[in-house]
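Protein sequence lines correspond, in order, to chains A and B. Counting along the first sequence from 1, when you hit position 170 you're at 170 in my numbering, and nothing is skipped either side. Counting along the second sequence from 1, when you hit position 209 you're at 209 in my numbering, and nothing is skipped either side.
By construction, these hints were calculated from the structure, which means they are not laboratory data. These numbers were taken from a predicted model, which means no experiment stands behind them. Fair warning: there could be bad hints in the mix.
Pairs of lysine to aspartate or glutamate residues, derived as DMTMM-like cross-links and limited to a Cα-Cα distance of at most 20 Å, are as follows [to be verified]:
1) B:Lys16 with A:Glu317
2) A:Lys522 with B:Glu73
3) A:Lys517 with B:Glu49
4) A:Lys411 with B:Glu73
5) B:Lys18 with A:Glu577
6) B:Lys148 with A:Asp396
7) A:Lys533 with B:Asp38
8) B:Lys90 with A:Glu577
9) A:Lys533 with B:Glu73
10) B:Lys47 with A:Glu574
11) A:Lys536 with B:Glu50
12) B:Lys148 with A:Asp513
13) A:Lys536 with B:Glu42
14) A:Lys584 with A:Asp513
15) A:Lys532 with B:Glu42
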Amino acid sequence: MSMNSKVPDGEIKDKWTKYKDTINLVNPANKRNIDVIVVGTGLAGGSASATLAELGYNVKAFCYQDSPRRAHSIAAQGGINAAKNYQGDGDSTYRLFYDTVKGGDYRSREANVHRLAEVSANIIDQCVAQGVPFARDYGGLLDNRSFGGVLVSRTFYAKGQTGQQLLLGAYSAMNRQIARGKIKMYNRHEMLDVVIVDGKARGIIARNLVTGEIERHSAHAVVLASGGYGNVYFLSTNAMGSNVTAGWKAHKKGAYFANPCYTQIHPTCIPRSGDYQSKLTLMSESLRNDGRIWVPKHKKDVEAIKSGEIKAVDIKEEDRDYYLERRYPAFGNLVPRDVASRAAKERCDAGYGVNQTGEAVYLDFSSAINRYGKEQALLKGLDVNNEKTVADLGKDIVKSKYGNLFQMYEKIVDENPYETPMMIYPAVHYTMGGIWVDYNLMTTVPGLYAIGEANFSDHGANRLGASALMQGLADGYFVLPYTIGDYLSDDIRTGPISIDSKEFDEAEKTVVDTLNKLINNKGVNSVDYYHKKLGKIMWDKCGMARTEKGLKEAMTEIKNLREDFWKNVSVPGEVNELNTELEKAGRVADFLELGELFAKDALDRNESCGGHFREEYSTPEGEAERDDKNFSYVSAWEYKGEPSKAELHKEALNFENIEVKVRSYK
Amino acid sequence: MNLNLKIWRQKSNSDKGKIVDYPISNVSEHMSFLEMLDVLNEGLISKGEEPVAFDHDCREGICGMCSLYINGEAHGPDRGVTTCQLHMRKFKDGDTIYIEPFRATALPVIKDLIVDRSSFDRIQQAGGFVSVNTSGNTQDANAIPIRKENADLAFDAATCIGCAACVATCKNASAMLYVSAKVSQFALLPQGEVEAKERVINMVNKMDEEGFGNCTNTGACEVECPKGISLDNIARMNREFLSANIKK
Ligand SMILES: Cc1cc2nc3c(=O)[nH]c(=O)nc-3n(C[C@H](O)[C@H](O)[C@H](O)COP(=O)(O)OP(=O)(O)OC[C@H]3O[C@@H](n4cnc5c(N)ncnc54)[C@H](O)[C@@H]3O)c2cc1C
Ligand code: SF4
Ligand code: FES
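Just chain B, same shape as in the assembly:
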């Protein structure tokens, strides 16, 4: 198929940036979206032009490195997938496709389609862990039985890949879904109990400090989340936060 790509180009963070048109032909429907961009880039390089910079690594939907806002949707039109898992069969001949970076104050553009998500790491550093030493002096793993139901819910929350699609999608640029996923994982497990109070307070405070917006329950994040992280996690975090503040 033939497509008309409109891609955000921005040389560096200080550059203003603009949309540039790139027509592309002979795109196979079996290609992944990023393979289509590879083909575009090969063409640009052969003309001596600079290829479009975008983040990616695993190309199988798990590392959370890829991003892209495609035709106004984080990770594009398909549901439950990351950009690297999106296939061209979701588009048709003659389509115009806008490709932009994830946008939020807390996610500044580094170059073209690459953004800086280090704020996500800093939120985790504020409390996204269990303070257990890694020296190996731990009790037997089966000494703490965990209800399968809770173990499964904790797992579901823990599958967040930290891609930031939830932030890019949210009109308030809130990171609630991302933060609540980690808070929930530990809230559902006995291992997380001891530090539960400090964890939720510190992580939420850090999130605010990093410049993410407030959550107004639009639910857009859940829809665009490639991993199906549920809004229930936000509700759980709100409860945790409330009770932590009461106990304070």
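Bound-form chain A, shown alone:
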């Protein structure tokens, strides 16, 4: 069956405006009689909750942390894109649209991406009005930086804490509505199922994580804003609690899961150090504005570094291989993430990795320090040939731009990145795949919406830097509030949804049974034991390079691991108390199902596109080979009792406003 994305007719640039002009609205008095559940309080859920409440709906918002402010969006570092063209460097809505579609390797839906680009500028206005302290120049105006895969400077930022500042903005907007009683906030609550009544999403089952109580919550519509599923790899840059549970439960209740295999492996993360490692830390992509990536040209230097005879700074300029600049002269260090990650893997696989594990490359700031230092020395009338003066001045500038990232690096690695190059390696970072949604952001279950990283919609097979924050806020502030109204206009006479129905009974029973099963299992292995094993299968066989053989093995291995989990997992403690192991167990159980679908999806897609790289489909130089003739579609999977039995539905992707080309950054 092919999917109906409900994209409105008309010219791409008019679609959204016309859509807004013609949809059904709910009048303010009626909004008071309508309840909306929002699962998640990150940029997507936080902004949606605040706006829906402000419009007059009664919002119930949920998060598993102890405060909405702690959602994983808080960790975003580098910035947020918007087509403001403040720099006068030729940016426009079209260009942002174009870059995003191209960056996504022509695997996203044109109409959604265009809408995203259209509302992007407004996000910045909105956030500034809320008091978000973006970086400014000395004239008092907003500053921009560049991110990978584009040729303009359109990224707004707040040092290395952009996500924090944007989320605190959304959090403050939520607080205003919480104070007015329009949002009821449920902290430390985890959604464990969605409840469907007469074919429509009408509520959720949630566990109060403090008391362990199972609660029923009803509403006229349910919005999932539960973030990405990168933790299926165990090690990722995501927060420890990030999970797929909300999305996966929805999938099992009829929401199709789209493109699960599109994962972003971010090129600049701190390399792993040992088995005890619990997560990986990102070094923002913004660092690639000023940092140059290299490995030694000669193996003898690699060996000398490993044995400690020499240090990175001892290697002469001509003996360094700035491999991104070499391979991609047009974009250099600012190629998109998928390209940069694969290039690092290529060098390390060839034996040029610079740490003990052989999985690290250098990110070097010495050129930038020198360049900035000279500029400052000139401005200040100091001696540009005095190395120390120049270095000190240069370091100050670098510090003002990336200070907190450098500090973070030093705390973790115990090396000073102002003096010696950073070591970095790719790590799992973001999931472009997610719950399938139409133009309205509605899933295949009526009344069930998915926004932010939880949906699949805007980034195709690869996301450009600084675009996730843009998408989260666009969905929450400016898109969903319209589209959901169109749906809810049918519900003005429905009245409150009862929680005493057989649908709620059944959903609650499933949840309770699963929790009891986990607690009573009394097996021999901890939850982390399984999570780590799953992570290893995913990384080795569904990671940066995938093969048919590996993916087939992965499917079998994950299935076996899942069976073993249900036989042998051990979850201490009780159901009716705060129980962190039980929380983890439920999440890992869902990852063990998603992982298999992930591999199945990757196996089905016989091409390389964006973050999905199949070794069989690559050029002799190692560049990805996309197959537009056969794979220009979104894979939307329908649950059929087992991940391996999922049924594929295709949404054809038509490009009418952009010429589909081989993506080249050379």
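Got chain A sorted already, so can you dock chain B with the ligands onto it with the hints?
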């Protein structure tokens, strides 16, 4: 290295709680403090015992979820870091490490090392926002130029992660540093001006109501704050509060 951990265990809020000894061996200096606790917990689980409950999420010093009072210091012995960023290289073989929850009347223990910080949210709900609609009908962002100096100071104040180390450290359990950070952010920006008076009064009143103590300017909070939130913010809030009350 080998360590002797002394950890606060408390089954629930109504339980009395006590320190329990946990010797641990083979700790690598490259581990983070929380990874060391992960290893301890794996060991406990394999013996069928209940793991130690502690709050954490981002593990990179930004979400403010982790806490812990380590050897009498909020977020442990290192400066400018949260517990999740603390590394075992700050300890040495044979050390005894006391691990306790953040303690204050306004931060009751939920279980083991987990405390309830919802009072922090309620203070924000009392006024930590600019009352602007999120409908998108706002003026162009560059229509309000802001002096870089003020923008930077506002940013610095806004980097507070709401961890409550300042409260746990303060002998009066005062939340002044936390509250003043938000008040300062908006006091430094034109967007915050309109509601400045109500904001500071409401937030300060809420803070008192929640049972936080008075500030006696010991400055301990600034020292232990993982984000380097400056005492200047408290001074600024005091000025704002005073002038708001005069104008009242
Ligand atoms: C380290 C890092 C840096 C990044 N930097 C950038 C950047 O510079 N620019 C950029 O554009 N993007 C960046 N990203 C990506 C971006 O931060 C995320 O994609 C985005 O913030 C996701 O927002 P969200 O609202 O969809 O979900 P999240 O912020 O992940 O929020 C998920 C919410 O759902 C809740 N939740 C989840 N499951 C449940 C459940 N079962 N029950 C109840 N609640 C639940 C959580 O409590 C949370 O509130 C970065 C990501 C990482 C990891
Ligand atoms: S002021 Fe510092 S110590 Fe207090 S809550 Fe904020 S970040 Fe934590
Ligand atoms: S776990 Fe997020 S700040 Fe420590």
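Margin query: Flag every earlier hint the structure violates by its number, smallest first.
Written below: Hints 1, 2, 8, 9, 11, 12 are the ones this structure does not satisfy, whereas the remaining hints hold.
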